[in-house]
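Novice: Below, each chain spelled out in residue letters.
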Amino acid sequence: MNRRTLKNDVIVIAAIAVVAAVIWCVVKLSSKAGEFAVVELNGVETARYSLNEDIRAEIACGDGCVNTLVIRNGEAYIESANCPDKLCVKQHGIRMTGETIICLPHRLIVRIIGEYGVDATV
Amino acid sequence: MKAKTHTITLLGVSTAAAMVLAYVETLIPVPFAVPGVKIGLANTVAVFLLVKRGWKAALPVSIVRVLLSSLMFGNFASFAYSVSGALLSMLAMIAAMKTGKLSEIGVSVIGAVFHNAGQIIMAIALTGTKEIAFWLPPLIISGIVTGIAVGTVAVLLVKKIDFKQ
Chain A
39 MNRRTLKNDV IVIAAIAVVA AVIWCVVKLS SKAGEFAVVE LNGVETARYS LNEDIRAEIA
99 CGDGCVNTLV IRNGEAYIES ANCPDKLCVK QHGIRMTGET IICLPHRLIV RIIGEYGVDA
159 TV
Chain B
423 MKAKTHTITL LGVSTAAAMV LAYVETLIPV PFAVPGVKIG LANTVAVFLL VKRGWKAALP
483 VSIVRVLLSS LMFGNFASFA YSVSGALLSM LAMIAAMKTG KLSEIGVSVI GAVFHNAGQI
543 IMAIALTGTK EIAFWLPPLI ISGIVTGIAV GTVAVLLVKK IDFKQ
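So the protein lines, in turn, are chains A and B.
Counting the first sequence from 1 gives a position; the numbering used here is that position plus 38.
Counting the second sequence from 1 gives a position; the numbering used here is that position plus 422.
Keep in mind that the hints are not guaranteed to be accurate.
[As the list claims (entries may be wrong)] Below are the PhoX-like pairs computed for lysine-lysine, each with C-alpha atoms no more than 20 angstroms apart in a straight line: (1) B:474 to B:523; (2) A:45 to B:523; (3) A:66 to B:474; (4) A:70 to B:552; (5) A:45 to B:520.
[As the list claims (entries may be wrong)] Just a few of them, taken from the derived set where beta-carbon distance is under 7 angstroms, the chain A residues facing chain B: (6) 50; (7) 54; (8) 61.
Hints are computed from structural coordinates only; laboratory data are not their basis.
Ideal Cβ positions, reconstructed from N, Cα and C, are used throughout, including at glycine.
For reference, chain B alone in the conformation it holds in the complex (with noise of 0.2 angstroms):
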């Protein structure tokens, strides 16, 4: 019973403070000109949980706080690029964490980069426009340094946060 209860909290807690990052992402400019750049904050819970409870923890908080997200700031064209990105995200990094050969850097990078990818697939299958692959170079690129980034924080968190049970 106490251990249940302690996933209940865990999660919780996880998913607000996705939410949180995913919000205060929003107030820091881009200076790029090229759509879908972010940094991906959120992730850095993503992955933590991954490590630290594996995907059935990491899977759901995931797919509740894009769903959250959009309920209280979206529109259904900015829910679908975020559930395309959140869930192929995702389901790179399990596979990825399955490997048990790369760290939380590795597993943040192809997170990133397949976040990206997921969102590019959407906005190909929304307009129909093809040309939309032009961008996948940048955003590939731009997944490579914001997951190293959020991986390092995703190495700390792990390192410094430890569950007594």
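The shape of chain A in the complex, shown without the other chains (with noise of 0.2 angstroms):
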């Protein structure tokens, strides 16, 4: 390792970091304050929830895996799961179109609609 490479490795990242800031603008100016939580399990839509009502539903998956879901304040989250991962537990609350909670373990997906039913983004 010399100057030479290691004034190259700083432009590579430099590089690399003006992309994620590009991805960031491109998502967050592409979102909206969205109307509907819509819950998925295996890519398949079981149910949807506005989010202006204050809500908390258990979403059961099968084999006893069970996820809270809680809307509240137009914000929608997950409560309490039973998943070894718990991500989906600590990820932020959701809002604006587009915007998903994942829970990997469980094939489940919230995510967050436009009005109309219609998926606002991309």
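Build the complex: two chains, separate frames, hints provided.
Specialist: Quick look at the structure:
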């Protein structure tokens, strides 16, 4: 390792960071406040909740797996889950179209969609 | 003959070391709510081999490690994620290495970022949910940070471990 390769490293790292920033901007600019939270199991929609009503719903997905979905103040989040990694519980609440909470072990996806049930992003 | 024995031993020890590192890593809790964020300790072995012995040593070790780890600890989904991440990462690092213009740190960062990109692509393919691309920016940033750390370790390894032959 020498000074020249180190300089190239910095250039590459900066370029990658710029790409990340651009993707982030595109994602943020293309999303707006959503209307519904859609619950999908194995890629099939099983339920749809309005973000305007506060609810707490138990989502069972067979073999005793349960995720508790909560909608409060227009934001949807997973309050508790019995999956092994609990990543879905740690994720922040979602309210913008296209945002998702994904619980891979349970193959569960909660996604926010826009008006009239149309997926407004991308 | 002696050189061949040396190579077989080196690759075997490297595979074992990479597997232990990958296992040790699962014991370290990750304080982020982003799926897929990890340190990538096993990549120290991959970068080291790539620098010392080229892709013909690094690629097989990476593939065998993923296969064995998945057989012992994983399931089909985890295998699909691991293999897509490991392969894309290794190919990107081989290409980065070929340019000859980057140090271990640059190569390692590219490997980490492409590892995460590979897993995202596999997650999109498996779940059919393109919104998973939301996770790309945080995963790219975490890849930069862990890649620098792993690359720094690889620099030290390359400097300290010398093959006498």
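Novice: It remains to establish, for every hint, whether it holds in the given structure.
Specialist: Quick rundown of the hints versus the structure:
| no. | hint | verdict |
| --- | --- | --- |
| 1 | B:474 to B:523 | holds (16 angstroms) |
| 2 | A:45 to B:523 | holds (9 angstroms) |
| 3 | A:66 to B:474 | violated (43 angstroms) |
| 4 | A:70 to B:552 | holds (17 angstroms) |
| 5 | A:45 to B:520 | holds (17 angstroms) |
| 6 | 50 | holds (5 angstroms) |
| 7 | 54 | holds (6 angstroms) |
| 8 | 61 | holds (5 angstroms) |
In this structure, the one hint that does not hold is number 3.
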